Every structure is written in structure tokens, then in C-alpha cells.
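Chain order of the listed sequences is A and B.
For the first sequence, the working numbering assigns the number 932 to the initial residue and increments by one for each residue that follows.
For the second sequence, the working numbering assigns the number 932 to the initial residue and increments by one for each residue that follows.
Bear in mind the hints are in silico, worked out from the structure with no lab data behind them.
Values in this document were obtained by computation on a predicted structure and should not be read as measured data.
Please note that the accuracy of each hint is not assured.
[As the list claims (entries may be wrong)] Simulated pairs of lysine to any residue, SDA-like, Cα-Cα distance not exceeding 25 Å:
| # | chain 1 | residue 1 | chain 2 | residue 2 |
| --- | --- | --- | --- | --- |
| 1 | B | K1134 | A | K1134 |
| 2 | B | K1134 | A | T1226 |
| 3 | A | K1134 | B | G1233 |
| 4 | B | K956 | A | Q954 |
| 5 | A | K1123 | B | T1224 |
| 6 | B | K956 | A | E1192 |
| 7 | B | K1134 | A | T1232 |
| 8 | A | K1123 | B | G1130 |
| 9 | B | K1199 | A | Q954 |
| 10 | A | K1123 | B | Q954 |
| 11 | A | K956 | B | G1130 |
[As the list claims (entries may be wrong)] Interface residues of chain A toward chain B, partial, derived using beta-carbon atoms under 10 Å:
| # | residue |
| --- | --- |
| 12 | R948 |
| 13 | K956 |
| 14 | A1115 |
| 15 | Q1117 |
| 16 | A1149 |
| 17 | G1153 |
| 18 | G1225 |
| 19 | T1234 |
| 20 | D1242 |
| 21 | L1254 |
| 22 | Y1256 |
| 23 | R1263 |
| 24 | E1268 |
[Claimed, not checked] Here chain A is said to cover these stretches of chain B; the calculated rule only asks that three of the stretch's residues, wherever they fall, bring their Cβ under 8 Å from a Cβ of chain A:
| # | region |
| --- | --- |
| 25 | 940-952 |
| 26 | 1109-1122 |
Yeah, the Cβ is synthetic: ideal placement off N, Cα and C, and Gly gets one too.
Number of protein chains: 2
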Amino acid sequence: MDDINFAVLGTGGIGRRTLEVSQDKDNLRPVAACDRHGVAVDHDGLDVDELLAATEGNIASDGGATAAANNANGGVKQSGHDKGVAASVQADPTETPIEDIIDASDAIDAVLIALPNFEHDFIPRVADRFAEADYEGVLVDVLKRSRVIDLLDEKADTFENSRISFVCGAGATPGLLTGAAAIAAQSFVEVKSVDIWWGVGLKSGYEDNRGTVREDIAHLDGYTIEDAREMSDEEIEAVIDDHGGVIEFEDMEHADDVLLERAGICDKEDVTVGGILDVTSDAKPTTTTVRVTGTTFDGETGTNTFQLDDDTSMEANVNGPALGYLKAGVRRNRAGEYGVFGPADLMPGF
Amino acid sequence: MDDINFAVLGTGGIGRRTLEVSQDKDNLRPVAACDRHGVAVDHDGLDVDELLAATEGNIASDGGATAAANNANGGVKQSGHDKGVAASVQADPTETPIEDIIDASDAIDAVLIALPNFEHDFIPRVADRFAEADYEGVLVDVLKRSRVIDLLDEKADTFENSRISFVCGAGATPGLLTGAAAIAAQSFVEVKSVDIWWGVGLKSGYEDNRGTVREDIAHLDGYTIEDAREMSDEEIEAVIDDHGGVIEFEDMEHADDVLLERAGICDKEDVTVGGILDVTSDAKPTTTTVRVTGTTFDGETGTNTFQLDDDTSMEANVNGPALGYLKAGVRRNRAGEYGVFGPADLMPGF
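Isolated chain A, as found in the complex:
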């Protein structure tokens, strides 16, 4: 397989870590990144270390103090309004970051969309802009919510006509765990249930993952996604405090359900997702586990199980799979397969 040049939209926790993890992967070159105020493009490959230093303020929510300190130490040009990507010596300030990436996209094989998706149609609309600009390549996102998949599916023809392969739900859950469920299902001729149960310890990583925590809050009884979007950071933290820093979620709207159904693994009603978030500790409060129960051709009922080690962080389990699915998407795209793909679509299986 040839080299893959990729871009990242958004340099919050997921975007930054994807850039970081890409350094450990062969034949994968980050060539563009943007946030609200800046864009960096270098077709020979971005200097990731410099860009990470520049964008540290994006997620630290410390008013830029960290980045300013980096500036003093390492020459990052951050100051005044040039926070985030714009603070990088590789970047330019911009008011049209996505358009700037699109302008450079002839030489970009894949784009990871690492933007918050509090409006369900936001990521689909971003994809539209790439399609309208005749981008031919791969779009990848790590979105969570089931209903977004339907919005993307409505655009499948547009993507096919544009030669875009859109890989959706390619993080941990959905993503890594959806793929594991698809593999575990291969023992069975009928899958009865898929139960996904996750544990995340997010003490030192809390600042990096505010967006994820905010989206999780929307799953609590009495809260909607609109509530969660409009709450202040302080209000979010008050909810967390009310739970003593440890929140259990049941029956979450994670897209594993529709992604497994569209791949023919099981009915979406038979998929459940829940978990425990602990912001008081880095240790996972429970072991992340996928249980796939089904009947075999010879009439037995069994449960195959996939467990992530407690020592693998949520971050590791999002960003590795995101790049793995990105690669799978590029392969499909180069073979001329376009449209919408979920993680389980990229697996073997009837």
C-alpha cells in the first residue's frame, strides 16, 4: 500500500492525539490541520511536535498559559488572538479553516473530522462541503450517536458520485468495540445480543476530554443533547460533583447499534451500550467488555467476549482504531468503493 497523506479538522483532544499517534505509524503522513482560527498545511509532512506544543492551549483551558510558556521555551508564536493552530510557526490565521483544507485536498487522501458534533447534522454538513468541492478521498469521524448515521446514509449517493468513502463511528465505541463485536459474531448463525460495557478513568485526562464528558452528560436521565451543549463548564462540573465524580450510564445512544445492524450482524434493538466514567481516578472503574451472545449452527448458545486491558486508556482505544479504520477506508477508496462505511462494514462477515 502506498503512503497516506491525511488532514485533521480540529485540534482538541482527539485531533491532537491522532497527530501524536500517527508518528508511530508507517506510511502515514499528517499534511494538514486546522482549528477555528488557524490552518497549517505542509505536503511534505507537518512538524507534529511543534504543532502539539502550539495547540496545547486548545484543550488545557488555561487561558493560553501553557502555550505561552511553550512560547517562551520553544519559539511557538502564540500570543494575543493567535491561539491554537494559529500559534504554530507552520500555520496561518484564517477565518475559513475548512475551506482552506478543502483547497489543499487534491493531495490529501483522508480527512479525520475531529470536531464536536453537538448539532447532529454538523459533521454531515462538513462532509457536504467536501463533496460540493469535488473532494475525492476518505472522510473519517469518531462520532458516537446513532441518529447521525442515518443523516450520513441519506447522503450516500452524494458521496458515491463524489468518489468519497466516508468511514463513520471509527473511535472506541462505536469503532474498536463494534469491530470486535463483528468478529465475535462469526461463531454464530444468529446473534441474540451485543452488550458493550465501558470503563473510563479520566482524572489527568479530564481537561483533554471535556467534549466527550459533555456528550456523555446528555445521556443522563433528565438531560438532552441540547442541554449538554448549552451548559457552562461550571454546570457540567456541578453535575459531575453531584455524582461524586463517578457516573454510571445505561442504555446510551451509541451508534454501535445501527452500525452492527447495517452490517447484517444483528438487529439494532439487540445492542446495548453502557459504562462508568470516573473523573476522580486514572484507573478504569470497570473493565471495558464486549459480550456477543448467539446461537451456533449446531444449536448451542454461547457468549464470546472481548476485553480491553484496564491499562489501555480511552485515548489509546480511540486514536489507534481511528487510524486503523482510516487506513481501511483509504484502501476501499483506492479500489473504487465509495459511500458510507461503518466499522463492521470493514470486517469480514455475513
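Add chain B to chain A, keeping to what the hints say.
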């Protein structure tokens, strides 16, 4: 995805069960099957129940008594030398079964090669015959041994020129467990080890799986694959009796190692395969488990684990994945991707 028409070469345990399991899969039609003495082709779909009844003598090793009883009950024409496929009312006797399948292969999307491979180059040579006949489609095998993959890789150019996608090692191990290892590896930027440990209880299924047991014997200290091939059934059973019916295998030459290496997951030296075979019980003597240990981008070391339920039989874990990988192979083939693919090549991942 369109319908898939497939053929099975060989109607021992794996071939017959693949026909059986295919009845539970949508859009998958068995259109041809053969053994040494007979060939059945029906492009509208074989009558699987009749064919299974006819070929029961192939593996029962009961001198045809079972099939003869079926004959009395159900009209299977088995008698005299017309044992196996030739005993089916859908079949014709033949001395050139593989050529007969090749002759019909214009309308066959995929061929599962379920033939014993005691000579390492036997399955590669069968593939050659399809390539020489300008077959364009998918070949799938469930072979086990590492060294066969190298022989297939030497023919990759031939397959590519012929528009053949050869999916190798697509059973349980290698196969299902190799794929699970590839998924489990996505948490890590470096995989340190992959440990595959299997348990098989094979009391009632023993007769159906003599070929597999014979191949396993070759992994015991003091035995070679040539020994195992030349031993009589009585000699094989004497070895099993010497072990009290329960044999533990260590450091087996299973192709999971080369298949994970060629997919870039880890070095083949870091893969170990072992397990326990118990022919005195249908219960598994140990739980089949894959352990993938690696380091994450953030410097932690962890072990992700995949476990098959003890109630899923070896047969279920071979034949479901074989058809799942077959489907994946057909998809690649239709997209114009040819050559040699292992299970892990059909997964996402860097």
C-alpha cells in the same frame, strides 16, 4: 452486495459443514461440490440436505452403512463405488472432479478449498490449476501451517494476473482468532506478543474431524507431518490412547504468525499458538483465548483479550469465519483487488 455463488472442493467435515452453515446465510448459494469420485453442479443452488445425506459416509468411516441407511429412507442412490458426492442424485461420478468444477467456474464467485493438505504444496497446486484455467474469482482455504503461506505468496503475481483473490488461513486459528488479534492490536502502537490458546472437545465430533486430529499429531514431539500422513488410523489412535485421550500442544506451526506479520501487526516470532485436544469429551478442556500484549501511545503496557465461549464448538468457529472471510474476499475481488489475503489483511489496521 449481490448474491454470491460458491463451490466446495472436498466434502469431509469442513466441506460438509460449510454447505450446512451456508443455509443460514443470506445471499450465499452453494452451486457446486465435489469429492474424489463425484461432482455436483447446479447453478440454481444445490439441494444441501440431500447432498449432506449422500456424503455422510465420507466422514463417518463406517463403510457406507449410514449412507446406505439414508438410501433406504430417502432415495440417495449410494451403492457400490458411488460413495460420497457421487451418491447424490444431483451428482455425476467423475475421475476429474477439480477440472469439472473449473469447467463450471464462470458462474462461481468463490471456491472453498476444503481438501486435506498433508503435502504442503497441494493447495497451492490446486490454486495453480484454477489460475491456469483463467478462473477469475475468490479462492478460500482454512489451512493451518505457516509454510504454506510462503508458497502462496510466491504465486501472488500469478493470482493478480488471473484476477484471483486468494484468502488463506480463514478458519478458526488461523482465521477467527487471527482477525480478533488484529482488532485487539488497535489499542497499541507496538505489539509485544500474541498468544493463542485453544481448547477443543472432540468426542462426538471425532469421526468428522480425523484430518484435523491427524494434522495436530504432527505437532507432537517426535512426529513430523510426513509421519502423520503415513500413519494408519490405528496408529493415530494409539498415539491418542498413549495420552489418555487428552493431548496438549505447545508452540504449534500455525500460520497466525506469518499472517499477522504480513499484515504489519507484529513480528511472527512474537506469536505463539498452543492448545489442548480432548477426544474423551465434547466439553472444551480449556477456554480458547487470544491475548494481545502491547504498548500504547501513552506508554502503558496492557493485554487485550478475546475469549470464545466454551459452548461454541470448533466446528462453529471454523465454518462461520470461513464464510465471513469468503464474503470479504468476494467484495475485494469485485473491487478489483487480487493476490493473496490473510485474515488480518481483511481488517482495519496499521
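Hints breached by this structure: Going through the list in order, the structure violates hints 1, 4, 5, 11, 16 and 17 and respects the others.
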